[in-house]
Every structure is written in C-alpha cells, then in structure tokens.
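Protein chains: 2
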Amino acid sequence: MTAPRAYTQELAEFVAGLRYDQLPPAVVARTEELFLDWAASALAAKGLHPIPQFEGFARAMGPASGPAEILVSRTRSSAFFAAWVNAASSHLVEQDDLHNSSVLHPATVVFPAALAAAQDLGKSGAELIAASVAGYEAGIRIGEFLGRSHYKIFHTTATVGTLAAAVAVGRLLDLTPAQMVNALGSAGTQAAGLWEFLRDAADSKQLHTAHAAANGLAAAYLAKSGVTGAQRILEGAQGLAAGMSSDADPARLVDRLGSRWALLETSFKFHSSCRHTHPAADALLDLMQREGLAASDIAAVIARVHQGAIDVLGAVDVPVTVHQAKFSMGTVLGLIAVYGKAGLEEFRDHALSDPRVAAFRAKVRMALDPEVDGAYPRRWLGRVEVTTLDGRTLRGALDEPKGDPGNPLSRAELEDKARRLARFSGAASEAEASALIARVWSLHEASSVASLF
Amino acid sequence: MTAPRAYTQELAEFVAGLRYDQLPPAVVARTEELFLDWAASALAAKGLHPIPQFEGFARAMGPASGPAEILVSRTRSSAFFAAWVNAASSHLVEQDDLHNSSVLHPATVVFPAALAAAQDLGKSGAELIAASVAGYEAGIRIGEFLGRSHYKIFHTTATVGTLAAAVAVGRLLDLTPAQMVNALGSAGTQAAGLWEFLRDAADSKQLHTAHAAANGLAAAYLAKSGVTGAQRILEGAQGLAAGMSSDADPARLVDRLGSRWALLETSFKFHSSCRHTHPAADALLDLMQREGLAASDIAAVIARVHQGAIDVLGAVDVPVTVHQAKFSMGTVLGLIAVYGKAGLEEFRDHALSDPRVAAFRAKVRMALDPEVDGAYPRRWLGRVEVTTLDGRTLRGALDEPKGDPGNPLSRAELEDKARRLARFSGAASEAEASALIARVWSLHEASSVASLF
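Chain order of the listed sequences is A and B. For the first sequence, position 208 matches number 627 in the numbering used here, and the numbering has no gaps at all. For the second sequence, position 164 matches number 583 in the numbering used here, and the numbering has no gaps at all.
To be clear, the hints were calculated from the coordinates, so they are not data collected in a lab. Some clues are possibly wrong.
What the hints assert, rightly or not - Residues from chain B shown here face chain A by an in silico Cβ test under 10 Å; the list is partial:
1. 472
2. 762
3. 828
As the list claims (entries may be wrong) - DMTMM-like cross-link-like pairs, simulated, lysine to aspartate or glutamate; straight-line CA separation at most 20 Å:
4. 571(B) - 834(A)
5. 571(B) - 666(A)
6. 760(B) - 834(B)
Just so it is clear, CB atoms sit at the ideal spot from N, CA and C, and this is done for glycine as well.
Kindly generate the complete structure, drawing on both the sequences and the hints.
The following block contains the structure:
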C-alpha cells in the first residue's frame, strides 16, 4: 500500500524554505503595493464602528505597551492584540485586496499578523515581504483546495486566513518544516467564520479577520515553543476539508509551488463594495459611457452573475446600514449609475439617503448566468442587460474588472487610493500619507519595520 | 407565512434572565462540586507539556498583571489570557467532567471563562454560580442540537465551548437578551475544533478549550460594548448547524428551559482516560471482580461500543504518548486488568512501559454494538465479552459508569479526587488543597471570588 501523498507536509516544506532572494522582482514590487493598499485600508477604519470597540477590548485585555503598532490609534501592544485590531480595521471599508480563484482576501489576514510578528521579532522589510509572500501562496492554495462548497457557508478569509497568518508568522519565526506543519495544525483547528452574520448586517466580518490573524499568529508562536498540531489538518479524515468542504481538491495545495506566484493574481479593489458586485458595476459603467446613458434613461437592469454572488448578495433586499449597502447589488449599481463611482464617500453620503439610488436599486435584479458561473472563480466576468425607457435592450460585457491582474491599478492610482483612504477617516495627514507611501515603496530595503509611522 | 421560531433568541432570553435565586439547591450544590472538580483538574496540569508553553505565550502577549488568576502558576493576567491558560490546563489530564447526551465537557470551557470574568468584574460566588449554570444549560443544549454528525469531525467541547463560555461571561456582564444574541453570534462564528489532531497525539485538545474559553469571553465583552452578531447563528441557513452538522434538531436548543437542569446530568470522571473508554472499563472491572479473574487469565476482550467510541478511539493502534494512551481502549483496559484502576499515576508510570499492559492491549478489540449504539449518547452502556485462557466466554455489563448521575461520586470521593489531582503535579500543598475545598463548599456564600488561593 502506498502512503497517501502528504500535501500539508509538502506545502509546509515550501513555505518554511521560502527566502527573499528566491522572489522575482515583480513579486517583491507587488507585495509592496498590496502592503500599501492594506495599510491604507486599515487607516480608513479609524473611528468607525466597531473598530473603537476592538481597540477597547485590546486595551482591557492586552498589555498597555509593546512592540507592535495598532495602526488606527498609533498605540502599541503585544503582537497578538496588534494583529487582532489591525486585521479588524483593514476589513471594514471593503477596500482590501482579493484573490479571485480562492475567493480569499489575503492582505487583511496576512499583513496584520506578519507586521505584528516582524515588529515583535525585529525583522527587516525583506523578511516581512518574504513571510507575507509565504502567507499569500499558502492561503490562496488552501482557499482553492477548499473549493466553492466551502465558501457557500464559510467566510474563506476567516477560515483560511487563520492558516495564512500562521504561515507568514511561522516564516518570520524561522520554523522548521516540521514546526510549520504543527503551526498549520494548530491554525487549522482554530479556523472559523460563518456567513450567517451577513443577513443581519452584523459586525462579524471584522471579528473574522481579527480572529484569523491573532489565532494564526498564536498557532505559529506555539509551534515555535514546541506545541504540536495535526500532521494532515488540511486533507486528513477529520481535518478541515472533511468538516467544511464537499469538493476539496488536495492537488491544489501544491499547485506549482515556486513557479506559480499566486500573489501576482491578487486583485486590487477599485469600488468600495463587495467584490462580487464589481464585474457588473464595471460592465454597467462601460455600457453607460459607451451609449451615453444617464441613470434616468434606464428602466431595468439584469446583472448576470455567478452563483456565489447570489449566495453572498442575495440575503439583503433593502440595506439599512452602509456596510449592508456594500453587499447590495442594486445599491452599488445605483451609485454607479447616478454618481459614476461607488467609493467610500459615495457609500457614506448617498447609498442610504439618495432617492435616485433607491429608485435605481428597485430596477436591478440578479440572474444566474451559465457562462459567468462556469468561468468563476478563475475569472470574474461582468455581464449586464439594460432595458432603456425608450424600449431598447442593451448588453454590457467586461471580462476583467478594474483592479484585476489584467486590468491593474498603477502605482500612481494606488497612491491616490491610499491618500483617499487615509483622508476619509483622518487617520493620517497628507504629509503622513506621503511618508507612509515612500516608506512602503522602499520596504524591501528597510532594515527595520518597527514603525510604519 | 409564519416566521420561523427564533430558537437562538429564546435560548438567549432564558440565559440572560437566569438569576441565582431561581436555582434549586441541588443545582447550586452540584455546581460547587463541578467547580472543585474543574479547579483540581487545572491544577493537575502544572508543569506538564504543553501547559508551560501556554503560560509562556500568555506572558509574552498578555499584561504582566491583572485581575484574573492563572491557576497553575498563581500569577495574574487579564481575563482573556487567564481564561485561555486555565482552559488549556483543565483539559489535559482527562479528569474533567462530561455531559453524556451532548458529548460536551462543560467545566473546562465554562468555568475558566466565568471565573476570569467574575474576577475581572468583582462578582460574588453566587453570581459566578448562576453564570456557570447558564453556560452549562446553554452549552449542553447546543451540543445536543448539533448532534452526532457534528461530533464525528468536530470536537464538540471546542466548538460548542465557545458559545457556552460566551453565555456564562455574558450573564456576568448582565447582557440584555439582545446583547446575548449578539454574544452567541460572535461566539458561534468563532467556533472551531477538529478531531484530526487525535491520530497524531498532537496538543490541540488543550488549544481547543483555550480557544473556546478566551474567544467566548471576547464575544461576550464585545457584545457588551455594542458589537453585533448574527441573530440566528445556531439555526440560520449559513449558521453553525448548516456548516457543521447534518442531523441538527433545533427543538433541543430550548428543551425544557428552566425545568430541566441539564447541569445535574453531568458526569464526573473516575478514570483518567477518554470518557469513551469508561463504560467498558467499568464493565471489565466488574466482571473481573465478580469472576475472580487476573489479567493473566484473559485471552481476549471485545469491548462492545457505540460508533462514537470507534470514531474517536480507533485512530491509534499503539500509543506513543501518555495522552494518546488515554484514547487507547486496549491500554485503558490493560491498566484496569493489571492494576485495577486507570488513574493519573497508572497512566504516567505504567501505560507505556509495563509489558503486561502492552500484552493485554494486544488482546483487546472494539466492536460496534447495536444496543450500546442505540442508547448513545443518552446512556453510555458498558458491555465487554471476555474469553479466558481456559476457554470460557464471559459477559460483563454495567449500565451506568462510575461518576454518572445515577452512580455518582460523593463529596468525600470528590475531595479525595481533588487532593490526588493537586498532589499529582505538586500544584498545591495538602493544606492548600484543604483550603481550596473549604472555599469551594462555601462558594455560594462568598462575596468575592477574587482569589481561589
């Protein structure tokens, strides 16, 4: 009898051995871009519910000082609580990155844990980058492994995020491959996060990323100190896939390790809404510009989507919170139609109060599209069907939403986005935002990452 | 259309409204007994792997002082980290309590969280007792609700423990029913814990209870501060049962609230092994005493068990760690046969090294028994079939393992057990153990629980 292939072991060996000098320059540069995008997303949450509550709990339960920065407050704590608060912060305004085929938001779970551990351990920018890449490469493959069935009930960023954070922190701790397996075991057995909160517009999305980053970090530190974990937490008979997936494919765990850089496939978010709304939003914007349509010219819109969009967005008819509005296809398309964009300001100032947006929302419905669904999650195709008031039926199609790897944001666009995010909450002055940007663009040369500010 | 019954809401209303003066005297007394049994279980883990590693992480990531006691070290920290370490400690030596039909170990997740919060909030012994009862009543019903399918893959004490801890702490925080629903939502979406670690004898069992107690506590504190959670985390379409059970029965969530005291159904552990081994161990001991058999008279033993025992115990053939030995039916029956008991000392000193135990282990096998399986998990029937060297086939049967509600431990036996546990690790002197026992027997009158020692 042949022993079953040890997928968890193979993945652990790769990430435990990953060195900065193995990374292609494009991967280093993209990691800096993702890091800036992440830090700005965290800053944008300053003062917004429920982030002050998370800060309060960390103050009450964590140390009053420490090596790791809490970005929204610029206070310091232990690595555990800094990771916890920063992860909650960076997943609030729906501006953090997304990897398509894994449906994982890697930045919001990998970077908070990696930055906190790097600050705790006195690591360099290059070491932070290599560890973050390890977290992305592992997390993306684990998300792909767990498949679409997992995402129907579980918030992949929450569950897989725990493992991705553990890998990044484990790399900073120089875990051996055997210790990395233990870290994955301890992380995987703490992996949690259900979509149920979404229908109530509850605050769990931030709790999910906080939970993932902090407990993933703990799993790696515990592994370093000799705590063991399951050896096959991913593919074992009572492991993660056995409990939480019905279409898991273990081959995805080790897909082209070292030659495919999955981090490069990560998308930046352009609109401030759930990523599932972006393909239709871009397709509608493109169609309206092409045809010279105004919102008032439109009688009805069918957004032709994949099943996952219906699962995630379908729970809410009329949003009552800004956060819920970001998961409302009708509201997002309404902002696009009326304002030409769906940014943080549009959501805050108009998503719930502008009657034109509400009127447009009532004209929108989603329909499952076989072509779109078949391409998902590898490709996120945008397809809309618009009926005009004068009786025409028009079709919009866009194959790569703005921010996708094939339709990327430039460094100038990323800088602009980062400045807007920092400005939105007042978390950093223009000068501080500029300094942060400059620091991140030279992250690979930084001997220390002890202070982002 | 009628709205579906709001089970989570009903359960939350009951536990949020539970007052000490509603509790029957027997419930108060039993809670004290369970609390002593729990505290002694925690003390017994002092110095044993991986508890020093947990203490080290809490020291590194938590505050250097605080309101809440860490029992094994008699240091203090925040409520979060005290709950984390005490929960890990109390689930190590396999002496903590078990509720049969939910297959939940309530003490190891409820008491660490409740004690830490009570110390943080300056609560009385009566308030601690009422909160703990709330945690037991909710946790047991949630465990029953999730059913046997859940327990096949998930460690119910880990998953349900998060909610049970949140309820106990939520009661101490005087959460309103609406806040209690939020606490359940935040706890349930962090619920995690897979059995996969068992086949590798990994350290996750302690991590599971630590994770449950600390994150359950966090869920309640966050709810108090205004953080919301899913309103139907238990029974919702993307909730706990949807993701982690295929035989969930929502009616169990609200089963005779206020008239059935499920806490009274909790069993004390007599042997130091996995509870799934106890029915067969007691049946074998009974048979050997009845027939005057020695271990050397026995050629073969068939332990007739329920499926859950095979699922949990079947992964390991020959244990290599003491902890694994506690999950080895053959080893447990070997200790019973050779030493007449399977206590902490027998496991530490003989389970892995005594060739007579190893020889007996090789004679034991498990077989699924329809009667035993049909009664489980409500009743844990002990059935063994012994073949003697002189060719006889003998049957042993015992319907209530020692420690079950129908075959309980007296206060004198509980005191003796507590003293043995404290002595085992040297965590408390005989005088300190006596003082602890006296303090617990008057817990219901204590105006403060700030210090157990």
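Could you work out which earlier hints the structure fails to respect and list their numbers in ascending sequence? Numbers 2, 3 and 4, in rising order.
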